[in-house]
Amino acid sequence: MYTCQFCSTSLKKAFTGTFKGEHIHSCSSCFKRSLSPIEFDQESVYYPNVGRREIQIEDYIVMYDTNVNEVVRIPLKTYEEGLIGLLKEDLSQDIQIDTKDILVVIEPWNTTLVIEE
4 MYTCQFCSTS LKKAFTGTFK GEHIHSCSSC FKRSLSPIEF DQESVYYPNV
54 GRREIQIEDY IVMYDTNVNE VVRIPLKTYE EGLIGLLKED LSQDIQIDTK
104 DILVVIEPWN TTLVIEE
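All the letters of the sequence shown, read from the start, carry residue numbers 4 to 120 under the numbering used here.
Keep in mind that the hints were calculated from the coordinates and are not lab data.
There could be a bad hint or two in this list.
What the hints assert, rightly or not - Listed below are the simulated DSSO-like cross-link pairs for lysine-lysine, each with C-alpha atoms no more than 30 Å apart in a straight line:
no. : residue 1 : residue 2
1   : Lys23     : Lys35
2   : Lys35     : Lys16
3   : Lys23     : Lys80
Let the hints inform the model, and build the full structure from the sequences given.
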């Protein structure tokens, strides 16, 4: 079990990383709040490396549910316009989740968001 360092929620799975030099755990809601969304293909997505490097064709679009389960991973080089919206709609029906609760991240090809269980 983990505790989100921002909201103190108990978690079975958590995003983990470094924040202000400290190793932290975060729930998906607080992870989203710690980043500013960018617009990509008319959708709000999160990109952890804003200002550090440009999005590259080798990167991935990754979607997570509210329990921090990876539900979709698509190489950006195979991406077609409008796909994020279509996938979010399909996922919302398949896993019974509101589209606004699906976390969409552009994940750098050489970096993996660490999710600890």
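Status of each hint after checking the structure:
no.	hint	result
1	Lys23 - Lys35	holds (17 Å)
2	Lys35 - Lys16	holds (15 Å)
3	Lys23 - Lys80	violated (33 Å)
Consistency note: the structure conflicts with earlier hint 3 alone.
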